[in-house]
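> Residues per chain are reported as follows:
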Amino acid sequence: MNDRFLPIETPISTGNSSQNVLESAVDAWFLQNGWSVFDFQREVWAAYARGGSGLIHSATGSGKTLAAWLAAVIAHTGRPGETLPLTVLWITPMRALAQDTRLALEKPIRDMNLPWTVGSRTGDTTSAERARQAKRMPSVLITTPESLSLMLTQADAREQLRHLQCVVVDEWHEMIGNKRGVQVELALARLRRWRPQLRSWGLSATLGNISEAMAVMMGTVDGGHIIEGVCDRKIVIDTLLPSGAEPFPWAGHLGFTMLGEVCDEIEATAKVGGSTLVFTNTRSQAELWYQALLAAKPDWAGAIALHHGSLDRDVRSYVEAGLKSGMLMAVIATSSLDLGVDFSPVARVLQIGSPKGVARLLQRAGRSGHAPGQVSRVTCVPTHAFEFVESLAAQRAASAGKIEARRPVTIPLDVLVQHLVTVALAGKDDTKGFEYQALLDEIRSTHAFAELAETDFDWALDFVTRGGKALHAYAEYRKVEQRDGRYLVEDAAIARRHRMAIGTIVSDASMDIRYMNGARLGHVEESFVARLSPGDAFTFAGKTLELIRVREMTAYVKPAKKIKNLVPQWAGGKMPLSTQLADSVRDVLEDIRQSRAGDAVPPEIAVIERLFRVQRAMSRIPSRDELLIEQIETREGYHLYFYPFAGRHVHTGLAALFGFRLGQLTPATFSFTVNDYGFELLSETPFVLSRRLLEGLFSSDELLASVLQSLNAAELSKRHFREIARVAGLIFTGFPGAGKSNKQLQATSGLIFDVFAQWDRDNPLLAQSTREVLERELEFQRLESVLEAMRKQRLTIIRSDRPTPFAFPLMVARLREKLSTESLSDRIARMQAVFEKVA
Amino acid sequence: MHSMLPIEVAGESLLLHPEKAVYWPRESTLFVADIHFGKVAAFRAAGLPLPPGSTSAALDRLDRAVADAAAQRIVFLGDFLHNRDARAKQTFTCFARWRSERAALDITLVRGNHDAKAGDPPGDWRIDCMDEGELVGPFCLAHHPEPDRRGYVLAGHIHPAIRLQGRASDGLRLPCFWFGQSVAVLPAFGEFTGTYTVKPKAGDRVFVTADGRVVEVSGLIGR
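Chains as they are written, first to last, in this note's numbering: chain A, 1 to 839; chain B, 1001 to 1223.
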């Protein structure tokens, strides 16, 4: 503890002079820690001191937290001899981060002996601490969007927040693209109405749409500052190259070709005292790599660990602690470790498989090299040949600053429905609930609902008061009631149930996995357990387990003796290649197309040179303004391969659309397979492919209707409706530990969807479900622009007697669904051997 | 008119109706399980705004099955009322009117777990209520599908559904009639009820309803 810099006994008055005193204290504190203040931090402090708001962004953690936090510390001095009242709200997307944030905020105020207290309020906060907070709030409260919304429903919320000066929204890039962001926007709108001079500062990773990101946070508040956090660290993206000369597989199956090289990297990093973070794209891939690494290096047991979102919180905390203390040599992780504070011992970051997006790769790079002056580096580890191209493409896109945007959500009616009930619960006595116009104005002051039509607002209000059009005659329904011009919730049971359900995070229905003695390992999707029978083995948490029985929502397991593995098929593994990265892949292909024998090529391309040689020999490498279609006939039938390079979501939509349109012209049934580069249409019956027919395929006529019909969109919407039903409060998830009595109120979202589809077809929530499926699962806008580009591209149709290297991964992906694993890898090897002879 | 599928069970011939009911011609009796009457109303009472319509739709379907079979008696194999909140006014008025217009129909309820909590229906509905275990011919009437050595059990409770494997990942899950060695489980009659996927044993017979017909799928079930 050092109190030299801020003699607390000196009377502090508000005003510039005391701020100057504080700022020099802060300067000295930086010096004392061996740092110096960045210009951007001073910029934030100055803007803050003038009452300004804004967004601080940088690619990696570079002092954004201190920029925002010390701005508040310098500006708000409080009354002499008193701790500050609740002055700053600090919103973090993950409650697991709350503790680390707390430590980060506490350090400067403790070192400088400032009159601030730090507290947190999340789902993890104990009731004892809540009670303490009810008596006296800390000066800065760290909270999550869900806990904040809940806090705003409390009777004395406005009273407690009457001294609030600033809201900091941490990791805003994580929330802007989803409904949690909308929840934050609505909370900010509420707080700004209570405290019109309120400042708001967002902290964000670099995004392709950073000014939009700020506008979303600011709502109708004018004049925010966009401040870029410079950092003294360089970011390097490179590729792990194979040490041997054997040909690299053209299609990914398990992708362990580089296992030896990965072991060497981990070992080399450990020798210089650093840890390695090995990122994968899916949880099942993380499990597989963990097992493979242990099989290769049995003596690493205990020195490497696994981290993903399905593992029990305790297990994850243990792994995080091991990483922080440098105890662990390596951790194999998914996006579960993308967020969070710094793990200083991490010296090396590896990305297994496709990077998928530029921003994501940069974020992962930032996990290494935390000491000042060090380099942040991420190394891509390809699992099949095309991923060398992706790695190179990611490097180019990153150095050209082509970073993905995250588009904000607009007018989500399910969130509106939830918010209306939330606000109807709030307040006390004659300020309980809300008035029509005041709330409409408040909601419209957010970016998400700026364009909210009065008819939509009226519908949502009608839905929560009278159950919507369909329910007007039904007396037994009541949620929000109207009294003296105010809308409010009177029923205590409804209020309690709503408080339990506030939030927009919807996870898949999951089942606990426990040993017979009750020890919890984590959870997996219910649908996965449903496919298992007692005695079946599967890999989870790095262990091979045998299912004993399923009881209630728990799968009981024991360590398996069998070797047969069945890895959980977790959802969320099918992320598409981003537009930016896909674009860059086409640039790399163009370079390869134009290169001549003997030209110097990047090492990534040299490794897979053979693939392109064979592709040229059998077909061609398409130029940017060319659409390559390959036509092949095999024993299985008639194959068409298209290569738009637009990511798997768009390819799914295109494949279904083309199959549908072809099926209308010729009486053939098509099955399809997609990947990030293209898609395959397969028919058992022959058909004639003419240019005129192809042009018909690319037509924009009745595009939306055809896509919806071809993909059985009704089924997709029904599946997606789960999220909407949960957010809009149509599913009651039950109280923890309340037991069976609530079971009678449980129904699946599928059932609720059916009831609405049959009896209340025009319910806007159904339309919202379809809209969200189009946006998220099909990227419909991207599909439209890809189709438009296709209409302008030159068509090249190549007939071949065998699948080309471009077609090969698609063919393998289709076979994978049909064959067992062993025979598949044998078969792939055989097929590739045939190709190699062509080159 | 829907066509019913004849099958032989415990030496008796039964007809499976596509509206998820079983008809026993010798006794002119229609068996219906798990109608969960008033479930939607119970949800509304708890503040979940579900649209109405399913109550009268269920009664329309019941009418169709009764008419097709020319049944004189309905036996509900448990879970007739969903819970106490199902006793909402509109729901009750709706059923009372339906009942008064079908005075000649004989109705029996074998009490299930939901009925135990919801209570017996009002007396003027003239529904005979009894506990599980009543023997009629070779059949033992029940709600819970547990074997009873005194007879072949007709039951409901689990809302059985069967998963049929299509091409690749194109699986299909449908409510089903499940006739085992000593127990038959009827599909849930109520629409807003959900299902549970069952795994029949070899020798069991399984039927699904599709496009207004009952189809046997016993041979399609891969284990």
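Incorrect hints may appear among the rest.
[What the hints assert, rightly or not] Incomplete in silico selection of chain A near chain B, CB under 8 Å: (1) 463; (2) 467; (3) 477; (4) 479; (5) 481; (6) 482; (7) 497; (8) 499; (9) 500; (10) 730; (11) 752; (12) 756; (13) 758; (14) 759; (15) 764.
Keep in mind the hints are simulated off the structure, nothing from the lab. Ideal Cβ placement from N, Cα and C applies to all residues, glycine included.
> Each hint needs a verdict: does it hold in this structure or not?
These are the hints, each one checked on the structure:
Checking residue 463 of chain A against chain B by beta carbon gives a least distance of about 6 Å; that is within 8 Å, so the hint holds. Restraint check, residue 467 of chain A versus chain B: the minimum CB separation of about 4 Å is within 8 Å; hint holds. Hint on residue 477 of chain A holds. Least Cβ distance to chain B is approximately 4 Å, under the 8 Å limit. With 8 Å as the threshold, the beta carbon of residue 479 of chain A comes within range of chain B, its nearest partner Cβ sitting at about 4 Å, so the hint holds.
Nearest Cβ of chain B to the Cβ of residue 481 of chain A: about 11 Å, over the 8 Å cut. The hint is violated. With 8 Å as the threshold, the beta carbon of residue 482 of chain A stays out of range of chain B, its nearest partner Cβ sitting at about 15 Å, so the hint is violated. Satisfaction of the interface hint for residue 497 of chain A is found here, the shortest Cβ-Cβ separation to chain B being roughly 7 Å, below the 8 Å cut-off. Evaluation of the residue 499 of chain A hint against chain B yields a violated restraint, the C-beta minimum of about 13 Å exceeding 8 Å.
Violation of the interface hint for residue 500 of chain A is found here, the shortest Cβ-Cβ separation to chain B being roughly 12 Å, above the 8 Å cut-off. Hint status for residue 730 of chain A: holds, given a least beta-carbon distance of 6 Å to chain B, under 8 Å. Interface hint status for residue 752 of chain A: upheld, as the beta-carbon distance to the closest one in chain B is roughly 7 Å, under 8 Å. Hint status for residue 756 of chain A relative to chain B: holds, with the closest Cβ pair at about 6 Å, below 8 Å.
With 8 Å as the threshold, the beta carbon of residue 758 of chain A comes within range of chain B, its nearest partner Cβ sitting at about 7 Å, so the hint holds. At about 4 Å, the closest approach between the beta carbon of residue 759 of chain A and any beta carbon in chain B falls short of 8 Å, and the interface hint on this residue holds. The closest approach between the C-beta of residue 764 of chain A and any C-beta of chain B is roughly 13 Å, which is over the 8 Å cut-off, so the hint fails.
When each numbered hint is compared with the structure, violations occur for hints 5, 6, 8, 9, 15.
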